[in-house]
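Protein chains: 2
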Amino acid sequence: MSEACNSCSAAGTCTTESCSTEPKLTDAQKASHIDKVIAVMSGKGGVGKSSVTSMLAVSLMRQGYKVGILDADITGPSIPKIFGVTGRAGVSKTGILASKSRDGIKVMSLNLMIETEDDPVILRGPLITQIVNQFYTEVIWGDLDYLLIDMPPGTGDVPITVFQSLPINGVVMVTSPQALANMVVRKAIKMVRNYEPPIYGMIENMAYVECPDCKKRIEIFGRPKGEEESKRNSIPFLGELPIDPALAELSDAGKVEDYQSPAFDQIAKRLAEQIRTNIGKNLA
Amino acid sequence: MSEACNSCSAAGTCTTESCSTEPKLTDAQKASHIDKVIAVMSGKGGVGKSSVTSMLAVSLMRQGYKVGILDADITGPSIPKIFGVTGRAGVSKTGILASKSRDGIKVMSLNLMIETEDDPVILRGPLITQIVNQFYTEVIWGDLDYLLIDMPPGTGDVPITVFQSLPINGVVMVTSPQALANMVVRKAIKMVRNYEPPIYGMIENMAYVECPDCKKRIEIFGRPKGEEESKRNSIPFLGELPIDPALAELSDAGKVEDYQSPAFDQIAKRLAEQIRTNIGKNLA
Chain L
1 MSEACNSCSA AGTCTTESCS TEPKLTDAQK ASHIDKVIAV MSGKGGVGKS SVTSMLAVSL
61 MRQGYKVGIL DADITGPSIP KIFGVTGRAG VSKTGILASK SRDGIKVMSL NLMIETEDDP
121 VILRGPLITQ IVNQFYTEVI WGDLDYLLID MPPGTGDVPI TVFQSLPING VVMVTSPQAL
181 ANMVVRKAIK MVRNYEPPIY GMIENMAYVE CPDCKKRIEI FGRPKGEEES KRNSIPFLGE
241 LPIDPALAEL SDAGKVEDYQ SPAFDQIAKR LAEQIRTNIG KNLA
Chain W
1 MSEACNSCSA AGTCTTESCS TEPKLTDAQK ASHIDKVIAV MSGKGGVGKS SVTSMLAVSL
61 MRQGYKVGIL DADITGPSIP KIFGVTGRAG VSKTGILASK SRDGIKVMSL NLMIETEDDP
121 VILRGPLITQ IVNQFYTEVI WGDLDYLLID MPPGTGDVPI TVFQSLPING VVMVTSPQAL
181 ANMVVRKAIK MVRNYEPPIY GMIENMAYVE CPDCKKRIEI FGRPKGEEES KRNSIPFLGE
241 LPIDPALAEL SDAGKVEDYQ SPAFDQIAKR LAEQIRTNIG KNLA
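Heads up: the sequence lines are chains L and W, in that order. Residue numbers for the first sequence follow the numbering used here, beginning at 1 and rising by one. Residue numbers for the second sequence follow the numbering used here, beginning at 1 and rising by one.
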């Protein structure tokens with residue numbers, strides 16, 4: 001996609017042929033205006049993409065922005081559970097209705113489309129990517145300042161489709177201190193660089209655990225190397241986050257909106273600065 | 001696949017039409033004899049499938065078995081790094097040569113096919129599953145008692161292909177204490193039950209961290225619930241594992257074969273018992 005597509009609400013449904021003509025929007029797209037689309041990615045599974053996506057959404061919402069989350073992890077969706085959003089998504093003549101969290105964050109996830117939250121989604125790539133596309137084009141997102149995309153692990157079908165078809169403004173990378181994780185995250189960084197969106201920066205999650213008794217900082221996955229890795233990949237380092245049992249507990253209870261994290265507030269500030277810096281710019 | 005396929009070395013390359021005729025084996029399959037194929041799965045990313053696969057391989061090797069690992073996580077391969085296996089896989093007229101770890105575990109992974117370990121593999125499902133199939137049919141595994149398959153996260157293309165095309169004898173499920181992880185793991189369990197292999201049992205990884213100073217047991221992802229989850233899903237509970245910084249360090253250094261874990265030795269014993277119990281049996 002060209003940079004011009006970023007401001008075109010037809011992106012995702014257009015073709016090269018249709019580009020010079022009137023863009024064909026779905027009814028859901030006509031009923032939506034999304035200012036910025038940000039992908040939260042890692043390449044590696046289980047480093048906390050969904051947690052970071054959720055904390056980022058909550059942080060932006062607290063700053064007064066209208067926020068939505070598109071859960072693109074179709075076979076392993078976490079977002080509804082983290083926000084305590086249950087029940088099936090509604091449908092109107094115009095499109096699929098995004099569900100709302102307690103505090104008003106809009107959410108779309110495959111787990112809002114199935115009967116029981118632990119029913120498996122046994123689908124191959126073409127159907128999975130079609131669902132991700134429809135979550136963008138057929139969901140009535142309404143007016144959003146930010147739509148965050150919680151990406152699945154890997155550099156396969158879903159990331160390829162997201163970068164080829166959706167108007168992504170930028171990417172947030174999540175890593176953990178393991179050299180193994182950093183290797184896989186570098187794969188994801190190289191993948192993003194095949195496309196156009198800038199990488200706003202890297203967050204190092206699970207950097208340490210604080211012992212609740214003696215307050216020792218335990219580096220369970222080895223010495224944090226987020227800053228070093230960010231430099232190595234020439235992307236801004238946004239900060240490190242500990243593993244916080246309180247976050248796991250609130251996420252399991254569907255109450256992530258009650259979570260307070262001074263460390264994440266700092267990260268969100270740095271990210272906001274990067275988003276401002278990158279407006280209209282393409283670092284790829 | 002029918003149960004009879006489990007003992008047929010043509011499984012993975014056969015068709016319904018060819019089944020009643022002489023099985024067509026590749027040269028690599030003719031040069032291999034694999035006794036048992038075990039998939040290590042989770043559904044959720046980052047709960048330690050690759051660590052568990054590696055520890056299981058080392059444990060079986062120490063008991064005198066011949067072991068191989070097929071790294072089916074094509075876009076996020078960890079196995080070569082964990083075992084310190086570098087360089088490109090060799091090729092002969094007969095097929096692709098499995099690489100060998102220091103202590104003799106055979107390994108095949110996409111990271112043994114690319115120039116640089118952090119080059120991304122940006123491929124859609126059909127190509128990814130073709131690679132997984134070829135890792136079974138075109139690799140000269142030689143004589144193996146156990147071939148372990150390190151599965152990628154999710155219930156998409158690769159798990160579908162593995163269960164449809166490879167002669168899997170049984171599955172080991174890996175989970176972590178987060179309710180979120182358990183939800184996704186239940187999806188994977190339900191998926192496996194659509195196919196034939198029995199689930200040998202569940203391992204709860206990342207159950208706690210021990211403070212190196214005050215020895216407090218810190219349950220960073222909440223109260224372990226592996227035993228409860230195993231009962232809920234009617235599968236044997238194999239045991240819990242802590243997060244051990246020593247394992248992360250050895251894995252990052254490619255020296256997992258130096259790792260000693262009494263907790264895992266117990267798990268391996270229980271698993272061996274389950275494998276014995278399930279010989280010729282189909283719990284699905």
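Incorrect hints may have been included.
Identical chains share a label here; the pair holds if one copy fits it or two copies do between them.
Below are the DSSO-like pairs computed for lysine-lysine, each with C-alpha atoms no more than 30 Å apart in a straight line [what the hints assert, rightly or not]:
hint	residue 1	residue 2
1	LYS216	LYS190
2	LYS255	LYS231
3	LYS30	LYS231
4	LYS66	LYS231
5	LYS255	LYS190
6	LYS215	LYS24
In short, the hints are calculated from the structure, not lab data.
*Status of LYS190 relative to LYS216 across identical chains (alpha carbons, at most 30 Å)*: Answer is neither; intra-copy 36 Å and inter-copy 41 Å both fail.
*Given identical chains, is LYS66 near LYS231, meaning Cα to Cα at most 30 Å, within a copy, between copies, both, or neither?*
Neither way: LYS66 and LYS231 sit 32 Å apart in one copy and 43 Å across, limit 30 Å.
_Regarding LYS30 and LYS231, is the shortest C-alpha distance of 30 Å or less found within a copy, between copies, in both, or in neither?_
Cα proximity of LYS30 and LYS231: none, with 41 Å in one copy and 49 Å across.
*Between the shortest in-copy and the shortest cross-copy C-alpha distance, which are at most 30 Å for LYS255 and LYS190: within, between, both, or neither?*
Classified as between: cross-chain Cα gap 27 Å, same-chain 35 Å, threshold 30 Å.
*Can you give me the call for LYS215 and LYS24, within, between, both or neither, at a CA distance of at most 30 Å?*
neither (58 Å within a copy, 63 Å between copies)
_If the cut is 30 Å between Cα atoms, do LYS255 and LYS231 qualify within a copy, between copies, both or neither?_
between (35 Å within a copy, 27 Å between copies)
The earlier numbered hints that this structure contradicts are 1, 3, 4, 6.
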